[in-house]
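Novice: The lines below spell out each chain.
2 protein chains.
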Amino acid sequence: MQLLGKRWTGLILYQLLSGPQRFSEIESALPISGRLLSERLKDLEKEGLVNRQVYPDVPVRVEYSLTEKGKALEPVIKEIQLWADQWIEFDNKA
Amino acid sequence: MQLLGKRWTGLILYQLLSGPQRFSEIESALPISGRLLSERLKDLEKEGLVNRQVYPDVPVRVEYSLTEKGKALEPVIKEIQLWADQWIEFDNKA
Numbered sequence: 001m002q003l004l005g006k007r008w009t010g011l012i013l014y015q016l017l018s019g020p021q022r023f024s025e026i027e028s029a030l031p032i033s034g035r036l037l038s039e040r041l042k043d044l045e046k047e048g049l050v051n052r053q054v055y056p057d058v059p060v061r062v063e064y065s066l067t068e069k070g071k072a073l074e075p076v077i078k079e080i081q082l083w084a085d086q087w088i089e090f091d092n093k094a
Numbered sequence: 001m002q003l004l005g006k007r008w009t010g011l012i013l014y015q016l017l018s019g020p021q022r023f024s025e026i027e028s029a030l031p032i033s034g035r036l037l038s039e040r041l042k043d044l045e046k047e048g049l050v051n052r053q054v055y056p057d058v059p060v061r062v063e064y065s066l067t068e069k070g071k072a073l074e075p076v077i078k079e080i081q082l083w084a085d086q087w088i089e090f091d092n093k094a
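Chains as they are written, first to last, in the UniProt record's numbering: chain C, 1 to 94; chain Z, 1 to 94.
If you are wondering where the hints come from, they were derived from the structure by calculation, not from laboratory data.
Just so we're clear, the structure is a prediction, and the values are computed from it rather than from any experiment.
Check each hint, because a few of them may be wrong.
Derived Cβ-Cβ restraints for the label pairs, each shown as a range [stated by the list, open to error]:
{"hint": "1", "chain 1": "Z", "residue 1": "GLU27", "chain 2": "C", "residue 2": "PRO59", "range": "50 to 60 Å"}
{"hint": "2", "chain 1": "C", "residue 1": "ARG7", "chain 2": "Z", "residue 2": "SER18", "range": "22 to 32 Å"}
{"hint": "3", "chain 1": "C", "residue 1": "GLY34", "chain 2": "Z", "residue 2": "GLN81", "range": "31 to 41 Å"}
{"hint": "4", "chain 1": "C", "residue 1": "GLU63", "chain 2": "Z", "residue 2": "GLU63", "range": "23 to 33 Å"}
{"hint": "5", "chain 1": "Z", "residue 1": "TYR55", "chain 2": "C", "residue 2": "LEU36", "range": "39 to 49 Å"}
{"hint": "6", "chain 1": "Z", "residue 1": "LEU30", "chain 2": "C", "residue 2": "SER65", "range": "34 to 44 Å"}
A few chain C residues that face chain Z, going by a derived Cβ cut-off under 10 Å, partial list only [what the hints assert, rightly or not]:
{"hint": "7", "residue": "LEU4"}
{"hint": "8", "residue": "LYS6"}
{"hint": "9", "residue": "GLY10"}
{"hint": "10", "residue": "GLU45"}
{"hint": "11", "residue": "GLY48"}
{"hint": "12", "residue": "GLU68"}
{"hint": "13", "residue": "LYS69"}
{"hint": "14", "residue": "ALA72"}
{"hint": "15", "residue": "LEU73"}
{"hint": "16", "residue": "ILE77"}
{"hint": "17", "residue": "LYS78"}
{"hint": "18", "residue": "ILE80"}
{"hint": "19", "residue": "LEU82"}
{"hint": "20", "residue": "TRP83"}
No residue lacks a Cβ here, since even glycine has one placed at the ideal position from N, Cα and C.
For reference, chain C alone in the conformation it holds in the complex:
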């Protein structure tokens, strides 16, 4: 469960809510280094939240997608975002 609090995990999950994506697509969508993104994706895979699919194209194609367990986090991610929009925004202006 601590994984959910790790920096970038929520944003990576949120990014994958819009469907399977390649590493480069996720990397370009988020202000995160390739090394850290790769580390977080491995964590998420180990926790059974993300699935890594390798396609034998030439060159080989690798796609990441949410598992059922990962997709089930959608309400959590959305509530965190609603809360952050209201309270984190408020803190910056205060």
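With the hints as your guide, set chain Z onto chain C.
Specialist: Coordinates of chain Z only, in the frame set by chain C:
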């Protein structure tokens, strides 16, 4: 935001959803050491999620309660719990 992922934070917030409580009440409700509970409460106070109220009784009485910002996390905590009930439970039996 990483604070939400830290071990015990969610359970402390969940515990305080039922209203203001003294340190000893929180400590007895959760399998957590006094030192760690005190550390987490300080973190939560710094983030503006928890309020620490000192009453000038004899002996002095200290109560912890959720701020508005803390209470606004209720939907997040409830969704995490729903998810954990379904998926974390499932993992243990598999």
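Novice: Okay, which hints does this one fail, numbers in order?
Specialist: 4, 10
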